[in-house]
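Protein chains: 4
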Amino acid sequence: MPMKPIQTESTLQTLLRQFQDCRHQTEQICAPLTPEDHVPQPMVDVSPPKWHLAHTTWFFEQFLLGPFNPDYRVYDTDFAYLFNSYYNNAGKRILRPNRGLMSRPPVQEVLNYRSHVTQAVTDFISSRSTAARALEILTLGIHHEQQHQELLVYDIKYILGHQPTFPVYGEAFGLQAEKQEFNWVPMEEGIYSIGYQGDGFCYDNELARHRVFLEPYRIANKLVTNGEYMEFIASGAYSDFNLWHADGWDFLKVNQLTAPLYWHQQDGQWLQYTLNGLVPVDPTAPVQHISFYEAFAFAEWQGKRLPTEFEWEAAAEQFSWGQVWEWTGSAYLPYPGFHKAPGALGEYNGKFMVNQQVLRGASVATAADHSRNSYRNFFAPPSRWIFSGIRLADSL
Amino acid sequence: MPMKPIQTESTLQTLLRQFQDCRHQTEQICAPLTPEDHVPQPMVDVSPPKWHLAHTTWFFEQFLLGPFNPDYRVYDTDFAYLFNSYYNNAGKRILRPNRGLMSRPPVQEVLNYRSHVTQAVTDFISSRSTAARALEILTLGIHHEQQHQELLVYDIKYILGHQPTFPVYGEAFGLQAEKQEFNWVPMEEGIYSIGYQGDGFCYDNELARHRVFLEPYRIANKLVTNGEYMEFIASGAYSDFNLWHADGWDFLKVNQLTAPLYWHQQDGQWLQYTLNGLVPVDPTAPVQHISFYEAFAFAEWQGKRLPTEFEWEAAAEQFSWGQVWEWTGSAYLPYPGFHKAPGALGEYNGKFMVNQQVLRGASVATAADHSRNSYRNFFAPPSRWIFSGIRLADSL
Amino acid sequence: MPMKPIQTESTLQTLLRQFQDCRHQTEQICAPLTPEDHVPQPMVDVSPPKWHLAHTTWFFEQFLLGPFNPDYRVYDTDFAYLFNSYYNNAGKRILRPNRGLMSRPPVQEVLNYRSHVTQAVTDFISSRSTAARALEILTLGIHHEQQHQELLVYDIKYILGHQPTFPVYGEAFGLQAEKQEFNWVPMEEGIYSIGYQGDGFCYDNELARHRVFLEPYRIANKLVTNGEYMEFIASGAYSDFNLWHADGWDFLKVNQLTAPLYWHQQDGQWLQYTLNGLVPVDPTAPVQHISFYEAFAFAEWQGKRLPTEFEWEAAAEQFSWGQVWEWTGSAYLPYPGFHKAPGALGEYNGKFMVNQQVLRGASVATAADHSRNSYRNFFAPPSRWIFSGIRLADSL
Amino acid sequence: MPMKPIQTESTLQTLLRQFQDCRHQTEQICAPLTPEDHVPQPMVDVSPPKWHLAHTTWFFEQFLLGPFNPDYRVYDTDFAYLFNSYYNNAGKRILRPNRGLMSRPPVQEVLNYRSHVTQAVTDFISSRSTAARALEILTLGIHHEQQHQELLVYDIKYILGHQPTFPVYGEAFGLQAEKQEFNWVPMEEGIYSIGYQGDGFCYDNELARHRVFLEPYRIANKLVTNGEYMEFIASGAYSDFNLWHADGWDFLKVNQLTAPLYWHQQDGQWLQYTLNGLVPVDPTAPVQHISFYEAFAFAEWQGKRLPTEFEWEAAAEQFSWGQVWEWTGSAYLPYPGFHKAPGALGEYNGKFMVNQQVLRGASVATAADHSRNSYRNFFAPPSRWIFSGIRLADSL
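Residue numbers (UniProt numbering), protein chains in the order written: chain A, 1 to 396; chain B, 1 to 396; chain C, 1 to 396; chain D, 1 to 396.
Fair warning: there could be bad hints in the mix.
[To be verified] Pair by pair, the computed Cβ-Cβ distance ranges are:
1. D:S320 <-> A:K253: 43 to 53 Å
2. B:L95 <-> C:D199: 16 to 26 Å
3. C:A380 <-> B:Q256: 20 to 30 Å
4. D:P97 <-> C:K92: 21 to 31 Å
[What the hints assert, rightly or not] As a list, the in silico SDA-like pairs of lysine to any residue whose alpha-carbon atoms are at most 25 Å apart:
5. D:K222 <-> D:T165
6. C:K92 <-> B:Y238
7. C:K304 <-> B:Y238
8. B:K253 <-> C:G161
[What the hints assert, rightly or not] To give a feel for the contact side, a few chain C residues facing chain D, derived at Cβ under 10 Å:
9. G100
10. P105
11. Q108
12. L111
13. S115
If you're looking for bench data, these hints aren't it; they were derived computationally from the structure. Nothing here was measured: the structure is a model prediction, and the numbers come from that model. Virtual Cβ for every residue (Gly too), placed ideally from N, Cα, C.
Isolated chain A (complex conformation) (with noise of 0.2 Å):
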């Protein structure tokens, strides 16, 4: 995992406020669970919150706290199978599929080892001159820990949502009106510098910077809505079958689908599913929890398509994004000059490189500050349960 490294004695202090605050924020997501809640896998995209609570702890202790604390004492030698998650280089771990048979260790147990690896952390960077190379991989922790966190929202909503009572959470992590007028960004031709640039910390998909040239295109300074989506629907869209990739056109028909994740029909109006219970469909508030498929066939419905995810970087601070993450016609790919990093913490992004389709901008359950222009969150296309949403692009 390439970064941009380089702490001071200041920074350091920032670092380590930034490693309690996160831990607190994951705890806090968790706060407003049953202990039974913890424990569910209802498909195997998702994970059981206890699982987030204890991966996300044994990252530190696996990558920071055991090769580099020689006096450190593993919490629970049985944890890294239960807890890791796709890293091959670390060893054996269970299936993911059954990641929700797992009723232990209970969540306070996880609640401990949690407090037990925090407090681990917190002594080492604060009692000795660290290495730059533990710095670092404390920064890769705190940025996963923040994409779990999100990963958390989705999981969480989609245990509660598959209750037949849809049970309330709480009122965050709700979306706004789209309050702006509707207006084209227009984009001129022309050579634009793709990638990550500065002293932050950005992932190594985000790398090499490099040259695009892009013709000239035109972007949407809005996201689609749920009023959008809903005259989309009306219009027969889903059983439309031109709009449709041919994938997307199978997925829906195996699947039965006829509007996005959450959406309920009764008595003709749309009700949805979110963390605050069943209400209307909001007409002001952007689409969400649709496929790649979905957002496709509705800029085909539109006669416009999906902008790149470089069209998308290259115009990212002309209009405001950060209530849903944006699929983008661009298919996961590595940059020119991106080489994957020894061992296991190269296992990150790079051999997801496949199959995915790319989604750029933020969330409302996307950790404050977390995201960036040059940042490439990426998903299957049938994905429905993350935070997604449409803006339109056009060529000109």
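For this one, chain A is given, so just place chains B, C and D on it according to the hints.
Same frame as chain A, now just chains B, C and D:
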């Protein structure tokens, strides 16, 4: 569910006591569990303990309190949807494979629900001249809950036995050595009467009592032991197709089976997961957790066979039984004169009379006085998470 | 495969004639087919006609010529791999679902193979004092090929019936009206002898002859007709769960069944594919191509039941049978004293004695003299491509 | 399907000649097959040769003769249902996995159908002043049939290569040694124009021609050979997860892959099935029949990468290509300004632009003059039955 009715004043008190003991016993079985242990469904045949606690309660609400007590107010109208098992006549329900997704209601609310219904039944039975049919339903409900107590033990063992940490539940439900000397019990040819006879409770599948002719046979006075089963394994039986049904051989290959469920080989020694943790296999105890296919193959290997359920019943007073259920060579079919009762309770047994094999006897997890000579247990041939074993027979 | 042996000079000629007729008949069944029709395997239970032609030939080569004629040279050593069906003792073979991938050898070469083996058997039987065991194998091989003749008809019908163009095969194998007046045949309680008795050929599963006690019952003198079955359908039976086994109900729903196999509704009329093309359903002919689940549900709907195989055999001389095989209420289990023969021929019947239901009688596709009162046919409960029908019974 | 039109008198004759040659060539490819070989569909991606023969014929009937020749009478109205591939706009069709069940019509009737349509097209084109759009469709139909010629070769190889007897098809379509010395072709950074330019035929996916910026790179002048690939295997690459995409690693494990398709290890030697039978792997010939995952992993192992499709096209005149298609690192996405044509022909390319990887070049099975520098072939990453290989590239 036709059963022998007639309740006097004193039997009413006995019945109420049985009901309360039964309710208490179910809760005792779950007492060693964490809230998290109540949630997972690691395979479709296993139900979450929370579900058993609630379903056995719903049964009394649905079939006793609702129809017979006009003053009863349903505890929560969502619960019928959540906790109906398979009664089509009692309305819609969540799909069986989704039971493990229901983190709500939490365990504590299920226990509140239990208390509410236990009290309502107690009040209802105590305070008024209850219809004979209501007492029949109460009796059935007790026997139904006793069946679920046994399933609870199976399911808890499966959930805990699939934790990588092999947690300890407690000392209950262990098997003892079969200490008696091996003997064959010889049985003469003749007409035997089969099926329930008496004034107590029985299930509809034990009726009508009828006659069968048996050719001469003999039946073992003890169960096959782990020691004998280890010899069977050591002989290469799991790779000798000649010993197996075609379906059984496929079952072995698809699931890569080489030993009973819960057996693990470590350094050349066989260990088994028990509710008391991972321990060496005891060669003197009866073999347990084998499918019908394995029971059949073992008998083939011995040059013997499994008894039919009729042979078992005819001889049952001449040997001891009750550590594990015993696979018979009989498919689960209706007795002459069997008729399903109308409505939901008719779904109790009859609709399962295909593709199942009969087991006779009882197990250490069977409620006291729940079983009897004429009792017909049944499971699909591949079932291994049940407390099942082998008794041999032979034609003369 | 234990069978009644003893061959004199004149029976030797009879046997040879039977063999040659049998070989010829198999080829006649395939005569109306194109080479292309010999190839597909539209579901796993169906084998390509080419495969049947070759497999029945391989059987004589493998079990008769190879072991008993030291001068015989195997026609093609690859064929054992291609045309062994399920005899684990006879070596490796292609997986059953892959039979339809084998375009080679072409039909003409299979016919050459048939001629070669037919001639070799004829020469072998004619020219030397053949061992009694060889004649037993020859007899078994004829009966084996007769069974495949019937499967050939089923499989040809399935292949042609799944062509969108519903091609005509020919006039053979159609059903006639059941013209007799409906009557119940009453049967008294008592001990009946069951199983083959006599000096002719029988399968091992018809032995040992043994005694069963039957409670009093009655059995219909005619088969259920298409007309009656259309009433059953019209009554809503395919959506009334109370009539069905739990497994049967799942089977209906998963496969979206609403009528027997080969039935098609057009403009409110029921048509059925026959080997003579798509024609209106004849209400006077027996219903055909129904699963055990449908047979059971029909009987439930009538307030009757299916006969057991013992009831059927005890009464079989008192009604006519032979248009379609008749589902019984009996699971396919060994008779008392049954033992598998050692080696490959022991795999013929015994290893299928689980998860199957017995059918009794014969069908229009059964070779003349192939069936008898004691004959036990068996198929899995969902089977519908076989020539199966319904006879009702009732307890008295 | 936008394409460069304009037909003069003499080009009309050329076009007709191309049409007739093309039709003849398809039939030549099938000439070595038996009728039986035309039937099987051993995996869902493979179509029966009979289907290709008919489908390419239906294409001319459906899109050329039907719409443009008012006198044309459809040969058989059932054929549209049988031989439409994936054109939703052209009506219903049999499900793709069921193509191998259609034994009817027989091969000879399909050949008759071909003759009929070939003649009808010839007459139609020869005898009247044909609309320019009709000539465009004819041109497209020829290119369409050429694509199916290549698929025919793949599918024939798959069908024959899965016969246990490894039959010989003939000498065609073998690979030669890559004899040139290995060299890197260096390429400078800059803006390159990508996409089709010229007056001939091209597919819509090659347009619009547009500009891309390429960072400096180099690209190999020869394909990776079997010899190099055997070293890759021998190094343990198929069990080193660090070389693989996560999806690729799953693909290996699920399918238990250890070598390219058609490779068989015998006595420590690698053999491969070719259309000329089973022969030792030639170390000097290019590796063939590998998935995108394997191409990627090989490049990782070499410390290199696959070229993007833009890098390939920019450099294509500087190396020879054409024995096998070359996997690129580019996902199959629309070019700027791409729009689907309306109606069925718009389904030709656009709806597949997700979850596919681009291949560039041509193969020994590609029709002469069918490919070009701008030609974009595409397949899903796991595809191995195609004639695919590897060319390496590197960033500078």
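Taking the hints in turn, this is what the structure says about them:
Judged by the Cβ atoms, the range 43 to 53 Å given for S320 of chain D and K253 of chain A holds: they are separated by roughly 44 Å. Hint check: L95 of chain B to D199 of chain C, Cβ distance near 57 Å, so the stated range 16 to 26 Å is violated. For the hinted restraint 20 to 30 Å between A380 of chain C and Q256 of chain B, the CB-CB distance of approximately 24 Å keeps it satisfied. Distance hint for P97 of chain D and K92 of chain C: a CB-CB separation of about 27 Å, consistent with the stated range 21 to 31 Å.
Between K222 of chain D and T165 of chain D the alpha-carbon distance is near 34 Å, which puts this suggested pair outside the 25 Å criterion. Annotation: proposed proximity of K92 of chain C to Y238 of chain B holds, straight-line Cα distance about 18 Å (limit 25 Å). Between the alpha carbons of K304 of chain C and Y238 of chain B the distance comes to roughly 43 Å, so the proposed pair goes past 25 Å and is violated. Distance hint between K253 of chain B and G161 of chain C is unfulfilled; the C-alpha atoms sit about 34 Å from each other, more than 25 Å.
Against a cut-off of 10 Å between C-beta atoms, the interface hint on G100 of chain C holds, since the closest Cβ of chain D lies about 6 Å away. Taking 10 Å as the C-beta contact cut-off toward chain D, the hint placing P105 of chain C at the interface holds, the least distance being around 8 Å. For Q108 of chain C, the suggested interface contact is upheld, since its CB lies about 9 Å from the closest CB of chain D, less than 10 Å. For L111 of chain C, the interface hint is violated, the least distance from its beta-carbon to any beta-carbon of chain D being 12 Å, above 10 Å.
The criterion of a C-beta within 10 Å of any C-beta in chain D is not met by S115 of chain C, whose closest approach is roughly 19 Å, and the hint is violated.
Hints 2, 5, 7, 8, 12, 13 from the earlier list are contradicted by this structure; the remaining hints agree with it.
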